[in-house]
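Protein chains: 4
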Amino acid sequence: MRIAISTGGGDAPGLNAVIRAAVLSARNRGWDVLGSKRGYAGLLGDDDVVPLTGESVRGIMAHGGTILRTTNRGSPFAYPVRNADGSWSEVDRSDEIMENARNLGIDALISIGGDGSLAIAQRLVDKGMRIVGVPKTIDNDVSGTVMTFGFDTAVNTAIEAIDKLHTTAESHDRVMVLEVMGRDAGFIALYAGIAGTADVILVPEIPWAMEKVCEKIRARDAAGRRFSIVVVAEGVTMPSGDVGVMGESLPGQMKRVGGVADTIAREIQERTGKETRSLVLGHLQRGGSPTGYDRLLATRFGGAAVEAVAAKKWGHMVALQSPHIVTIPIVEVLKESKRVEPDHDVVRTARAVGISFGD
Amino acid sequence: MRIAISTGGGDAPGLNAVIRAAVLSARNRGWDVLGSKRGYAGLLGDDDVVPLTGESVRGIMAHGGTILRTTNRGSPFAYPVRNADGSWSEVDRSDEIMENARNLGIDALISIGGDGSLAIAQRLVDKGMRIVGVPKTIDNDVSGTVMTFGFDTAVNTAIEAIDKLHTTAESHDRVMVLEVMGRDAGFIALYAGIAGTADVILVPEIPWAMEKVCEKIRARDAAGRRFSIVVVAEGVTMPSGDVGVMGESLPGQMKRVGGVADTIAREIQERTGKETRSLVLGHLQRGGSPTGYDRLLATRFGGAAVEAVAAKKWGHMVALQSPHIVTIPIVEVLKESKRVEPDHDVVRTARAVGISFGD
Amino acid sequence: MRIAISTGGGDAPGLNAVIRAAVLSARNRGWDVLGSKRGYAGLLGDDDVVPLTGESVRGIMAHGGTILRTTNRGSPFAYPVRNADGSWSEVDRSDEIMENARNLGIDALISIGGDGSLAIAQRLVDKGMRIVGVPKTIDNDVSGTVMTFGFDTAVNTAIEAIDKLHTTAESHDRVMVLEVMGRDAGFIALYAGIAGTADVILVPEIPWAMEKVCEKIRARDAAGRRFSIVVVAEGVTMPSGDVGVMGESLPGQMKRVGGVADTIAREIQERTGKETRSLVLGHLQRGGSPTGYDRLLATRFGGAAVEAVAAKKWGHMVALQSPHIVTIPIVEVLKESKRVEPDHDVVRTARAVGISFGD
Amino acid sequence: MRIAISTGGGDAPGLNAVIRAAVLSARNRGWDVLGSKRGYAGLLGDDDVVPLTGESVRGIMAHGGTILRTTNRGSPFAYPVRNADGSWSEVDRSDEIMENARNLGIDALISIGGDGSLAIAQRLVDKGMRIVGVPKTIDNDVSGTVMTFGFDTAVNTAIEAIDKLHTTAESHDRVMVLEVMGRDAGFIALYAGIAGTADVILVPEIPWAMEKVCEKIRARDAAGRRFSIVVVAEGVTMPSGDVGVMGESLPGQMKRVGGVADTIAREIQERTGKETRSLVLGHLQRGGSPTGYDRLLATRFGGAAVEAVAAKKWGHMVALQSPHIVTIPIVEVLKESKRVEPDHDVVRTARAVGISFGD
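Chains as they are written, first to last, in this note's numbering: chain P, 1 to 359; chain E, 1001 to 1359; chain R, 2001 to 2359; chain S, 3001 to 3359.
For reference, chain P alone in the conformation it holds in the complex (with noise of 0.2 Å):
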């Protein structure tokens, strides 16, 4: 038995626990296993294909990044190749993959990724390739599985960095505005704002408007509490009708740079007058070392894949169900993506304690 192990898309903390239990794993079982470099740009030969053996993973556990590497580019059914005139195609690769995959002798593969990954990995699986998926979202916007590897550690690290402006806000009496990760999905912004005590979470799934933000800060400094912290998913978009005070339409704005936290920012010191300052977190989030929750997690689900390997549960992915993990069909998990809800208890007891979600 021959396997391949691949990474795609952006890195997440526990990337580096996958491989390595499913590699110890597999190679426990007398597997051979080997690693496409940069997702699939190995297995097309645009990058290397290399033998993991224990000694390849050995120490890796509590680094973050890919041993793999990774890239955001480039899905084998729409590759960017350059013309000669210097323009750009998209042609569809995937036969390539499937055919190097057999000239290596790979009977297997494991797909470590995301929304996007998935898909790929679906319609190759449809083409008659056999793959186990492994869900990799630093936003934890994945379905079917409770939890993805790399949230809790990015959640840590916003959440110490909520910690930090706090008490610069409260030293200069300053709203501080910390934009965190979430394009369509604001369950970093809501844990970390939570735990972080943030007084303002502004989430993509919940609609607010600038008024209602700044009504909570005003409120809170008519009592005393002169500053105030508003922690901003990246992904949110403000109702059309809500022109900024500035004479900007905040939606256009929000592309540049600075971000979506510098725009609210600007408003805000704007409308109430308080010195405000805004932080993108930004890359931060996807690095360092993982914490317990996502070392183990992330073992877990590469010891899993490689029995689902064992178990030829071709075209699923593995999935927590707590307390235990299952494997679920991908074409399941891709019919929808998770949200917050808004009427979940974690929302309702942020409600309760006081944070307000601007609306």
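None of these hints come from the bench; they were simulated from the model. Values in this document were obtained by computation on a predicted structure and should not be read as measured data. Just so you know, even glycine gets a beta-carbon here, dropped at the ideal spot from N, CA and C. Accuracy of the hints is not assured; some may be wrong.
[Stated by the list, open to error] In silico SDA-like pairs for lysine to any residue, Cα to Cα no more than 25 Å straight-line:
{"no.": "1", "chain 1": "P", "residue 1": "Lys-274", "chain 2": "R", "residue 2": "Glu-2307"}
{"no.": "2", "chain 1": "E", "residue 1": "Lys-1274", "chain 2": "S", "residue 2": "Lys-3127"}
{"no.": "3", "chain 1": "R", "residue 1": "Lys-2312", "chain 2": "S", "residue 2": "His-3344"}
{"no.": "4", "chain 1": "P", "residue 1": "Lys-274", "chain 2": "R", "residue 2": "Thr-2071"}
{"no.": "5", "chain 1": "R", "residue 1": "Lys-2127", "chain 2": "R", "residue 2": "Arg-2348"}
{"no.": "6", "chain 1": "E", "residue 1": "Lys-1274", "chain 2": "S", "residue 2": "Asn-3072"}
{"no.": "7", "chain 1": "S", "residue 1": "Lys-3335", "chain 2": "S", "residue 2": "Ile-3355"}
{"no.": "8", "chain 1": "E", "residue 1": "Lys-1274", "chain 2": "S", "residue 2": "Val-3081"}
{"no.": "9", "chain 1": "P", "residue 1": "Lys-274", "chain 2": "R", "residue 2": "Gly-2045"}
[Said to hold, decoys possible] If you anchor each label on the Cβ, the simulated ranges turn out as follows:
{"no.": "10", "chain 1": "R", "residue 1": "Arg-2102", "chain 2": "S", "residue 2": "Pro-3342", "range": "51 to 61 Å"}
{"no.": "11", "chain 1": "S", "residue 1": "Glu-3055", "chain 2": "P", "residue 2": "Asp-126", "range": "36 to 46 Å"}
{"no.": "12", "chain 1": "E", "residue 1": "Asn-1028", "chain 2": "R", "residue 2": "Pro-2051", "range": "31 to 41 Å"}
{"no.": "13", "chain 1": "P", "residue 1": "Gly-354", "chain 2": "E", "residue 2": "Arg-1082", "range": "44 to 54 Å"}
{"no.": "14", "chain 1": "P", "residue 1": "Asp-107", "chain 2": "S", "residue 2": "Glu-3090", "range": "51 to 61 Å"}
{"no.": "15", "chain 1": "P", "residue 1": "Val-331", "chain 2": "E", "residue 2": "Ser-1322", "range": "20 to 30 Å"}
{"no.": "16", "chain 1": "S", "residue 1": "Glu-3055", "chain 2": "P", "residue 2": "Arg-73", "range": "46 to 56 Å"}
{"no.": "17", "chain 1": "P", "residue 1": "Asn-28", "chain 2": "E", "residue 2": "Glu-1055", "range": "51 to 61 Å"}
{"no.": "18", "chain 1": "R", "residue 1": "Ser-2337", "chain 2": "E", "residue 2": "His-1324", "range": "56 to 66 Å"}
Given the coordinates of chain P, work out where chains E, R and S should sit on it, guided by the hints.
Same frame as chain P, but now just chains E, R and S:
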């Protein structure tokens, strides 16, 4: 409406977050909140009962310990009283609690504690007191809930310790034996051992033999891995036949200073000839600022406890059944404790990545 | 004896530790201690003057920020006052401070602040006020002292950020540009860059050129190191002749949102063709719990400040001249600021281990 | 030019950073570098001598331990050899080292170690070997240098432990006794105790009495502070007349399992009636990722050691005399060890903020 809150048993990171969320949620509903200091001592008139407001819980989210203090001593049903001759008797003071609670106008009590505290709560409920429970155990051994707060922090503290021992073990070719909490359940040892890449994990739920542990260490040595990390739950005991080569019966040994880790370390050194050191992590696991996971879970428990009071769920305990917080009857919880299941996927994966359980 | 304490300028981890040590030391001598809120605002009657006791400073050692609050605005010698027509003027309110201090029975003031605060303190000393200074600068740019508190914490925060960016940079073959504090002095960039194994460090004290930076990145790429980490002090500017290939004059650029890091990142990406991202660490460097080093240094400063008051060292500042705390005249300190010396052994070693300074 | 590097004695965070800086600096000069594994064992032919290149030291800056391994056993001048009858003798193998070094073409040796290693280095220098020393002691007890690497990390680890014990001590009204490293010098106990706001600090340099310790604890109790934290250096002993109330002579006690902390804890509990627990921090202090301070200092030491080799400073040790790294003759260093000076400003400030030294 006036409620009281008490914390009993050993402290756990997140206790203050539960108190904070319960106080803020209750005050938000317009309720009065009192805190009984040092478990039931406050309600027994042996310590203070203090009003709890938003001001009382400001800034405590990230703090370990409990602002209400706690105690391991004294069920109100068998309260220690010193006699005139200096000896001790136990008396039932449960009626006093109920009378004092009535006199203080307390409509309901939120009792935060472990198995022992929950059993007491149930007995008071049986007598007519209105109580909602919040489970607290750093060992994660309360059934009915996927997780308890404090456990994640303890696991991360243990992982950090393993990470630190790792480098020194490797530099000196040593065996390191780390004893972590877990009197009856080996969850901390199991989770921290996997995440910290221990070589051997010993838990109360899986019978083990010293010779198997030494075999693993010798096998690593033979493979050029001249150091090993052994993680031991404090509650492990040895099969009766396994007498130490040093002429000592091990089970009896376990009670003495230095704990089980010291005994096991000396056996390993004697049997393998390898320099072996032990460390008891002890109270470090109870302390410190809670992780993001624990801050969030504790906040959810606190908020849900107030909702449970509003819903008159007397004799119920809040619990995590991912992804939701639910309430379950305390009598159900008390029927059995949670233990590591030897065939759980976590154990299976641990074995697959090469960890020995000494069996 | 009655003394007052004030904190001015940006906050720095360790401020509370100074206050705590000064209060406890002074109380221990039987002195009264007052705290002037928000710099001199308290003493000017625009904010509170509060009594400080052992109780006031309990538990604040590990807390970032300052319990006395602080402000960047308003020298008492040129205090902003709003005129009837809405415009602003500046008035000299230094006499008010002295009169209020007299009225409050204040015998001496401990002023904790940076260059600006020390200069103000000296002017008040010149008018007859009895002041002892405690240097505070997160940039470590006050002369006369080997180190200032807050700097070590800021450096560790920056290192953690670099560590995190490292794994994601390596996984994605990216260049990462991290902007850290240091308006005039590059100590944070230098120390954190070395400790975080940055590839390029840019500081205000060493002239650099964009092309040299790109050369280093290209050389690493050619050697198979397909990622690079660039650490930049916020105060760097480019030689006037070095116009960006994007048609922008860089020095002017530096002021805009996203800061110098963003500009440099875009230039690197344009010139090398490598995917490049930037991050501004910003206020995270001011916040958080002080490191052991900063807690100790700040405590020593606080204790020494009280000793200096007892010794009537008016117009002196406490300073670390390892291994001792000494006092030096503020006028000496104000003569010049501390800067990174380009031929210091730290810089020499950085070059020896392969770090480029872009020169 | 070809140099060798060895690490001896207990490991300390920063060892790898020294090795890394020395290797990169030396390679940068075009030199060959060899590593002697396990102290002098490599050079004695009992272990490997390995080539060290840029690749060998990649990514080790942040890692605890030493890639060269280390050992506490065996001066080459009195090397343990097992006789035919199983007993041990000691033989002088120093000539072998010199001959092997010559055969390997080694021009100079960088020896990283503590007092013992430096003394051995000096004896080899006296025989004509060309050696530059780098001081290594986690206890900070080598004279001639303001600081040694590893100490700052150990202090921060101890502070973290105190912070954790604090919350649990306070919640349970307990006395906690924490034993930290420091066989002859109490720097770790002193620095960590102050920064962690301990109530009592016991160091070998300051004679103390158990009754004075108990007085402090009782005084706090009387003032409503019902918990206390006692930090003890492992090397403390009691004045000969002070026999424990439990009928035990304390000095002899100190050797047994559980260490001095356990003995002191039991005495405190016996004498004050307060529940008292002890914890031995042990090897946790040697492990883990070095702090920023240690990474920088170790890097400077490594770079300076190569400069010292280039300058032919045989028999010299690199040292920090802030703000510069200098070289000083090892014979000077060996004349006396560094100890806590009882009248140093650090001790004076500790007393001023209310810490008892048990005297």
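Going through the hints against the structure:
| no. | hint | verdict |
| --- | --- | --- |
| 1 | P:Lys-274 with R:Glu-2307 | 39 Å, violated |
| 2 | E:Lys-1274 with S:Lys-3127 | 35 Å, violated |
| 3 | R:Lys-2312 with S:His-3344 | 21 Å, holds |
| 4 | P:Lys-274 with R:Thr-2071 | 13 Å, holds |
| 5 | R:Lys-2127 with R:Arg-2348 | 45 Å, violated |
| 6 | E:Lys-1274 with S:Asn-3072 | 14 Å, holds |
| 7 | S:Lys-3335 with S:Ile-3355 | 32 Å, violated |
| 8 | E:Lys-1274 with S:Val-3081 | 18 Å, holds |
| 9 | P:Lys-274 with R:Gly-2045 | 21 Å, holds |
| 10 | R:Arg-2102 with S:Pro-3342: 51 to 61 Å | 40 Å, violated |
| 11 | S:Glu-3055 with P:Asp-126: 36 to 46 Å | 43 Å, holds |
| 12 | E:Asn-1028 with R:Pro-2051: 31 to 41 Å | 33 Å, holds |
| 13 | P:Gly-354 with E:Arg-1082: 44 to 54 Å | 45 Å, holds |
| 14 | P:Asp-107 with S:Glu-3090: 51 to 61 Å | 59 Å, holds |
| 15 | P:Val-331 with E:Ser-1322: 20 to 30 Å | 23 Å, holds |
| 16 | S:Glu-3055 with P:Arg-73: 46 to 56 Å | 29 Å, violated |
| 17 | P:Asn-28 with E:Glu-1055: 51 to 61 Å | 57 Å, holds |
| 18 | R:Ser-2337 with E:His-1324: 56 to 66 Å | 58 Å, holds |
Checked against the numbered hints given earlier, this structure breaks hints 1, 2, 5, 7, 10 and 16; the rest are met.
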